[in-house]
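Asks: Listed below, chain by chain, are the residues.
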Amino acid sequence: MTDSRHQALQAKVKKEMTGPTEQTRPGPTFTPAVDIFETAQEITLMADMPGVKAKDLDIDLRENVLTLSGKVASPEGPNEVDVLREYQTGTYFRQFSLSEVIDQAKIHAELKEGALRLRLPKVESATPRKITVKTE
Amino acid sequence: MILRRLTDWPTGHWRSPFEELERIRRKMDRLSEGLTGGLLRRPVAGVFPLVNVTEDSHRYYCRAELPGMKADDLDIAVTGNSLSIAGERKITDEDKNANYHRREREAGKFSRMISLSDQVDTAKAEARCVDGVLTVVLPKAESAKPRQITIKTS
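Protein chains in written order, with numbering that gives the first Met the number 0: chain Y, 0 to 135; chain V, 0 to 153.
Keep in mind that the hints were calculated from the coordinates and are not lab data. Mixed in with the good hints, there may be bad ones.
[What the hints assert, rightly or not] Short derived list, chain V residues pointing at chain Y, Cβ under 10 angstroms:
| hint | residue |
| --- | --- |
| 1 | Glu105 |
| 2 | Met112 |
| 3 | Ser116 |
Beta carbons: idealized from backbone N, C-alpha and C, even for Gly.
Model the full assembly from the supplied sequences, consistent with the hints where possible.
Replies: Dropping the structure here:
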């Protein structure tokens, strides 16, 4: 099997959100693709949110629920007519529940080229500390 | 006895009814596409990246969503009446001690040709990549622009 890095990228249709709660804003809402990984000191979340500017991105963390919400302005000008439309643009929204205790003051968010990198450092006491078991 | 024999039959016999249904379903899809003009069709295994092409009287605009792509990783070429977008999406490998809980983003090479119906002026084509959205502006060639024809009355 070829290394997955050398295979061509497959197009994926953006996942549209269907859930019990309806959005108050008009237009479709999508769930952004997200990578989450954890080290001993922090949890890092990378989300693909193309078309979202830093000022339109809303990151909220309360009661251990992390909410990402990004508004996307329709990029087309008023006189443009569709020739081919393969994807829709709309708001990005995703929520995660965090079990770890996060140090809220040190959360670091960076939005570059439509990719968000969110670093959530764990509270000192929550970083794992190995306890050696003494025999005898 | 005979009944047990039929159910034990490995695959051959039981697969074909569903294959037939699949074929019918595909034909129905194609039929409904014809009715709705194809715009509602979702490309499940389409070519990456998905692209929206719009036009106004002077230009074509091609937009693609390419999050995390820098201008250096992209290769855009315009010839006559087609546009090619190629590049590689790289995802930086993280710390070896990192534990992945979710891995939804994909990385890899991509390449796509989009053909346009009118001639474009390749010298004036412009591309910009802002916030992960690539916009290629292709001015139409003079011959393709609509020209108002005044009606002479005498």
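Asks: Any of the earlier hints contradicted here, and which numbers?
Replies: 2
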